[in-house]
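*Asks:* Residue numbers (numbering that gives the first Met the number 0), protein chains in the order written: chain D, 0 to 252; chain W, 0 to 252.
What the hints contain is simulated information worked out from the structure, not anything from laboratory work. Wrong hints could be hidden among the right ones.
Copies of the same chain are indistinguishable here, so a pair counts whether it falls within one copy or spans any two.
Unchecked claim - In the BS3-like style, the derived pairs of lysine-lysine whose C-alpha atoms are separated by at most 25 Å in a straight line are:
| # | residue 1 | residue 2 |
| --- | --- | --- |
| 1 | LYS86 | LYS119 |
| 2 | LYS88 | LYS124 |
| 3 | LYS182 | LYS250 |
| 4 | LYS84 | LYS130 |
| 5 | LYS88 | LYS130 |
| 6 | LYS250 | LYS173 |
| 7 | LYS160 | LYS32 |
| 8 | LYS119 | LYS84 |
| 9 | LYS120 | LYS84 |
| 10 | LYS120 | LYS250 |
| 11 | LYS123 | LYS86 |
Now for the letters of each chain:
Number of protein chains: 2
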Amino acid sequence: MQRYFLPHQTLITQPIQLPEEQAHHLLTVLRGKVGTPLEIVLADHCVYQAEVNAIDPVPTVMIKERLATDAELPVQVIIACGLPKTKEKPELIVKKGTELGATHFVFFESERSISHWDQKKVTKKLARLEKIIEGAAEQSHRNALPTIEYLPNLQAVVNLKADVKLVAWEESAKQGETAILVKTLQSLRPGQTLLALFGPEGGITEAEIANLKQAGYLSAGLGPRILRAETAPLYFLAALSYQLELLNAGKSH
Amino acid sequence: MQRYFLPHQTLITQPIQLPEEQAHHLLTVLRGKVGTPLEIVLADHCVYQAEVNAIDPVPTVMIKERLATDAELPVQVIIACGLPKTKEKPELIVKKGTELGATHFVFFESERSISHWDQKKVTKKLARLEKIIEGAAEQSHRNALPTIEYLPNLQAVVNLKADVKLVAWEESAKQGETAILVKTLQSLRPGQTLLALFGPEGGITEAEIANLKQAGYLSAGLGPRILRAETAPLYFLAALSYQLELLNAGKSH
Chain D
0 MQRYFLPHQT LITQPIQLPE EQAHHLLTVL RGKVGTPLEI VLADHCVYQA
50 EVNAIDPVPT VMIKERLATD AELPVQVIIA CGLPKTKEKP ELIVKKGTEL
100 GATHFVFFES ERSISHWDQK KVTKKLARLE KIIEGAAEQS HRNALPTIEY
150 LPNLQAVVNL KADVKLVAWE ESAKQGETAI LVKTLQSLRP GQTLLALFGP
200 EGGITEAEIA NLKQAGYLSA GLGPRILRAE TAPLYFLAAL SYQLELLNAG
250 KSH
Chain W
0 MQRYFLPHQT LITQPIQLPE EQAHHLLTVL RGKVGTPLEI VLADHCVYQA
50 EVNAIDPVPT VMIKERLATD AELPVQVIIA CGLPKTKEKP ELIVKKGTEL
100 GATHFVFFES ERSISHWDQK KVTKKLARLE KIIEGAAEQS HRNALPTIEY
150 LPNLQAVVNL KADVKLVAWE ESAKQGETAI LVKTLQSLRP GQTLLALFGP
200 EGGITEAEIA NLKQAGYLSA GLGPRILRAE TAPLYFLAAL SYQLELLNAG
250 KSH
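One chain only, chain D, in its complex shape:
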């Protein structure tokens, strides 16, 4: 069923007017009519059964009841990526990363980033990525809309707060390091915030790693194969889901 995210804080018992974009989608893609069922996610991260209340003059929906579905990871996950070279890579990262449960995305200019987003570009690029995130969140039945920001350099990322901080480092993988990711994911407690940092195509420099380690980052390998810049965060998120949503679920039964 089609799911729309609306900015309202809590359940409203009056018909809600759909924002322009969703109204357009409802009319042209869904071909919605009065009575067409929908799922609406409000800012409380709850999913509500709803239906189209009116089409003319503007589409409105009426929320009926709260549903018990929750598709969120038990932890908050920040995915911070050194800016990749092509525009397709950030798009793939936020699209697939949203499906895989990320809470927040950060792109930052790292030492080996070849591309650069100037201030004018940033606003436009983030707006485009936010649209991709919204589409992926609707489709994957998320309860929360991931957010995104751009930071000018690694130091700004280091200033971000998180309970647990990891950096995926190719050298860790080359040295056959296999324990850190497992130990870290196994030690997470519900509600914690995990920040995972990934380099651009050329990787993270030694100086950046030293800076990160000093700031409390653990450096982890993601298995024996060399993963591309855009594949590493997806591997990480899938491993996180497997550990927290499948393995841990089995243990608590």
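Use these hints to put chain W onto chain D, whose structure you have.
*Replies:* This is chain W only, laid out in the frame that chain D set:
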């Protein structure tokens, strides 16, 4: 370091002429000279240190010694996908699936496949996908080149042999099933062949699931979020790597 796959069965102590494509890559992308170091993977799935022996009249390489690196999963993994709608999706599946360790890819026409590859298309499409696989295998430092085939229907997939067979089914996920994937991955023994089957955009039909279950397939959920057709195999491969290459590695220490 650049890695090339060559079809030779075993170590050869004479200079080997590079096939046309690699020769072209060596000259135009790498700008190789006599003495440029390379890694060569032979059909024995071993990696060899090598260097460029001559450039004129045709590029040849001399293999020097076998390296001990192995980036292969301890099991053989067949990824079978119902033919997706767009050409980008099979490309993404084989590219990322190669990075994530798959052994063999199968695309088949399932009940809800919208696109169709006629015989003329099949040869061309497979050739293009093979090139993508080769590039991804070189880049991710695989020891073996994944293979690919097209099968006309689900019955042809059902006839494939494997020690363990799984189907990722959205309904399993919706019912909150979380145990099958974990149990299956934990029970794998080195050298076994695992076949994992995924539907196209519209999913697998009830009739197809019944057919697969009768053929010994287990139906598994991949967590609480709805994954797109091309994301599900990547989630599966990352979870497999996490279980076999990180979690199990920790246990044996």
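*Asks:* Broken hints, numbered, in rising order?
*Replies:* 7 and 10
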